[in-house]
Amino acid sequence: MNLLKKLIAVLALLPVLAFAEELQLDHAPDRIQDLAALQHGAKLFVNYCLNCHSASSMRYNRLRDLGLSEDEIKTNLLFTTDKVGGLMTVAMTPKDGKAWFGAAPPDLSVIARSKASEAGSGPDWLYTYMRSFYQDDSRPTGWNNTVFPNVGMPHVLWDLQGVQKPIYIDKKIDEKETERQFDHFELVKPGKLSKIEYDVAVADLVAYLQWMGEPAQQMRHQLGVWVLLFLGLLVVLTWRLNASYWKEVK
Amino acid sequence: MAFVEKKLPANAPIAAKALNWVDARFPLTKLWNDQWGQYYAPKNFNFWYIFGSLAALVLVIQIVTGIFLVMHYKPDANLAFASVEYIMRDVPMGWLVRYMHSTGASAFFIIVYLHMTRGLLYGSYRKPRELIWLFGVGIFLCLMGEAFFGYLLPWGQMSYWGAQVIVNLFGAIPFIGPDLSLWIRGDYVVSDATLNRFFSFHVIAIPLVLLGLVAAHLIALHEVGSSNPDGIEVKENLGPDGHPLDSIPSHPYYTVHDIFGVSVFLLVFSAIIFFTPEMGGYFLEYNNFIPADSLKTPPHIAPVWYFTPFYSILRATTSQFVYALAVGVIAYVGLVVTKSRLSGFFKLVAVIIGAAILVGFIAFEAKFFGVVLMGLSVVILAGLPWLDHSPVKSIRYRPDWHKYVYIVFGIAFLVLGYLGVKPPGVWGSAHLGGIELDIAQTISQICTFIYLGFFLLMPWWSAMGTPKTVPTRVTFHPH
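In the order they appear, the protein sequences are chains A and B.
Each residue of the first sequence is one higher than the one before, counting from 145 in the numbering used here.
Each residue of the second sequence is one higher than the one before, counting from 15 in the numbering used here.
Just so you know, these hints were derived from the structure itself, not from any lab.
From the three backbone atoms N, C-alpha and C, an ideal C-beta is built for every residue, glycine too.
Heads up, some of the hints might be wrong.
[What the hints assert, rightly or not] Straight-line C-alpha distance at most 27 angstroms; calculated DSSO-like pairs for lysine-lysine:
(1) K391/A to K381/B
(2) K436/B to K394/A
(3) K141/B to K482/B
(4) K218/A to K187/A
(5) K353/B to K394/A
(6) K249/B to K44/B
(7) K381/B to K310/B
(8) K320/A to K336/A
(9) K394/A to K482/B
(10) K381/B to K417/B
(11) K381/B to K141/B
(12) K310/B to K242/A
(13) K141/B to K353/B
(14) K187/A to K391/A
(15) K391/A to K20/B
(16) K239/A to K20/B
(17) K88/B to K227/A
(18) K482/B to K417/B
(19) K417/B to K57/B
(20) K20/B to K44/B
(21) K310/B to K239/A
[What the hints assert, rightly or not] Chain A is faced by these chain B residues, among others (derived, beta-carbon under 8 angstroms):
(22) Y202
(23) S205
(24) H271
(25) I273
Could you build all of it, start to finish, from the sequences and the hints given here?
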């Protein structure tokens, strides 16, 4: 039995051992409940992303869930269509996108859900990605990214963040070999925002993308609490009901 | 014989009169009493016996939510992905219906695996319940079909490439393979044609067969009566009223019992639906939120968790592993010839089949045998009633070491399932006398041997050892 217990313990540990690897993602701040952050994120999204990337499952008027009125949406955020009930589509066709960037910019409706992996959540990936662009003159756009090497997308937020370059260090693998590894970024040219302000802006944008991945998620949580409370009560009642009948069974 | 309707007194309640009218024309009361109301079930059911009712509940959930999903879903390669997001956003409470359906699929498999484990532990498949078990295996196969066809419908990357990989497996069948997989897909790659036919199978063909099998499963069960954790035939001890002494009517006792079980299940089910519907990428895979793209193969294609034990067996069958299989086949035929009670004719048949398999190992590629082993690992369940030669049904009265056999089998099944989710080489490699071994692959090969050996060697090991004395009456402690 002792051997069996040990075996089970080893088996339980294996998944943990298997994933001490590669891509390090920064943890995205959780702002899914923060309406001000989500509104700020929506503004950044519409201004910076929604030119090339569509969010074709998302209707503008769903932004009312973030505390905006239809008039506010119309005057501040509606650039691509004149109907507030319209979908967040873009004029650029996938064909144009492929010709201009090498790959069609993906639709962002559920991007935050699709980018999750063992390395971190979808928002973690996006948060790290949007802060990992660097200048690389060997690329057609002049930009590269440590999270998504050789990405076709240029650094759209560069005027906010500024221009940065990666600093590498030589890390020893064993006695003979060393490997060049990315260490940190160094700001070459400052942008409109300080480092902290930029991180906040990206965190808000990512929170918006996370919200847009499933606009019903807050309602899901709110409803879920009541459903679980009801079912918890039901379990107690049905448990006692069952017991009262089974008392008779000898 | 003339039609006679029972006469009720004039002042009988209207409901009683209505029921009497129906009963004279359709056996409504009789059906209810035969199938549930007066169906006497052993009183010593434990925790393991709840999963039958729960499976029925989940079946209903899947059908009802499925009906509502079909109202809004579009089985069209250009519209399918967006129509699922439309359900998630624009259909009122559509997200709830969709999550119930996607979580229901995984819940169905969890429940059915536990239900089958119960059958395995207490010998529920033994005589006279062979047909119940066979119908059950049929249900399991239908369920796998439902899950496979249904998984293509959201038209995400995993949907697409999962279907591509599985349909390509048929291509490994000698001679007819390539034509067969083309026929299944209806196109040279998974495409709109494939989506449409999978949709048809998912919403019409398989559910029809599934419902028929479920009805047969229940009719057969209520005909011979339920088994119980002691593996005793309760019908051997009848009371003065003609009902088994150790049984109680399902209604109200198992009605209230199942209602309790159902509420506990719904609590867990709802906790997942409302708070973690993706279940860490196992119930809804992250990659499946990327629309299907026939030009971009994902780096790692894994089926959903409930298929992975069988998928691991497929992956374990490499061309080197075929040598081990050949040794296994020779040893097994040797065992059948020298140590079985089969007649000379069947022994000859075993030798011929064994020889044919060995020739096949040389003639055909390993991938084909991977497919064969994967299929065998599911279908072999149907043989259980005839493979188990233990003199007692229940694990409770089997020799103690049998429990370890079951535990090792269970661990092998779980390890296969775990490795099937992971990319190849997840546990690194080891050097053994100049040969480089993929540790995960080697372990899944060992587990494949354990899995198949458990069933194929059962006629011998299940008969070994001294069983404990089986009591004549069930073990029951009043609550």
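Status of each hint after checking the structure:
Taking the CA atoms of K391/A and K381/B, the gap is about 58 angstroms. The hint is violated against a cut of 27 angstroms. Distance restraint check for K436/B and K394/A: the Cα-Cα separation of roughly 51 angstroms exceeds the 27 angstroms cut-off, and the hinted pair is therefore not satisfied. As the CA atoms of K141/B and K482/B are separated by approximately 20 angstroms, the hinted pair is consistent with the 27 angstroms bound. For the hint pairing K218/A with K187/A, the CA-to-CA distance comes to about 12 angstroms; that is within 27 angstroms, so the pair holds.
Restraint check: the Cα-Cα separation between K353/B and K394/A comes to about 47 angstroms, which exceeds 27 angstroms; the hinted pair is violated. At roughly 21 angstroms between alpha-carbon atoms, K249/B and K44/B fall within 27 angstroms of each other, so this suggested pair holds. As the CA atoms of K381/B and K310/B are separated by approximately 24 angstroms, the hinted pair is consistent with the 27 angstroms bound. Restraint check: the Cα-Cα separation between K320/A and K336/A comes to about 45 angstroms, which exceeds 27 angstroms; the hinted pair is violated.
Only pairs whose Cα atoms come within 27 angstroms are accepted, and K394/A paired with K482/B is accepted, the gap being roughly 26 angstroms. With a C-alpha separation of about 34 angstroms, the suggested pairing of K381/B with K417/B is violated against the 27 angstroms cut-off. Between the alpha carbons of K381/B and K141/B the distance comes to roughly 37 angstroms, so the proposed pair goes past 27 angstroms and is violated. Distance check on the hinted pair: K310/B and K242/A sit about 14 angstroms apart at the alpha-carbon level, within 27 angstroms; holds.
Pair hint K141/B plus K353/B holds up; C-alpha atoms about 24 angstroms apart against a cutoff of 27 angstroms. For the suggested pair K187/A and K391/A, the alpha carbons sit about 64 angstroms apart, so the restraint of at most 27 angstroms is broken. Between K391/A and K20/B, the direct Cα distance comes to roughly 37 angstroms. Violation of the 27 angstroms bound is thereby established for this hinted pair. This hinted pair does not check out: K239/A and K20/B have alpha carbons roughly 77 angstroms apart, beyond 27 angstroms.
Taking the CA atoms of K88/B and K227/A, the gap is about 25 angstroms. The hint holds against a cut of 27 angstroms. This hinted pair checks out: K482/B and K417/B have alpha carbons roughly 13 angstroms apart, not beyond 27 angstroms. At most 27 angstroms may separate the alpha-carbon atoms for a hinted pair to count; K417/B and K57/B meet this at roughly 24 angstroms. Proximity of K20/B to K44/B is assessed by CA-CA distance (about 15 angstroms); at most 27 angstroms being required, the pair is judged to hold.
Only pairs whose Cα atoms come within 27 angstroms are accepted, and K310/B paired with K239/A is accepted, the gap being roughly 16 angstroms. The interface hint given for Y202/B is violated, since its Cβ lies 23 angstroms from the closest Cβ of chain A, which is over the 8 angstroms cut-off. The criterion of a C-beta within 8 angstroms of any C-beta in chain A is not met by S205/B, whose closest approach is roughly 18 angstroms, and the hint is violated. Because the beta carbon of H271/B sits about 5 angstroms from the nearest beta carbon in chain A, less than 8 angstroms, this interface hint is met.
Interface hint at I273/B: satisfied, since its Cβ lies 5 angstroms from the closest Cβ of chain A, which is below the 8 angstroms cut-off.
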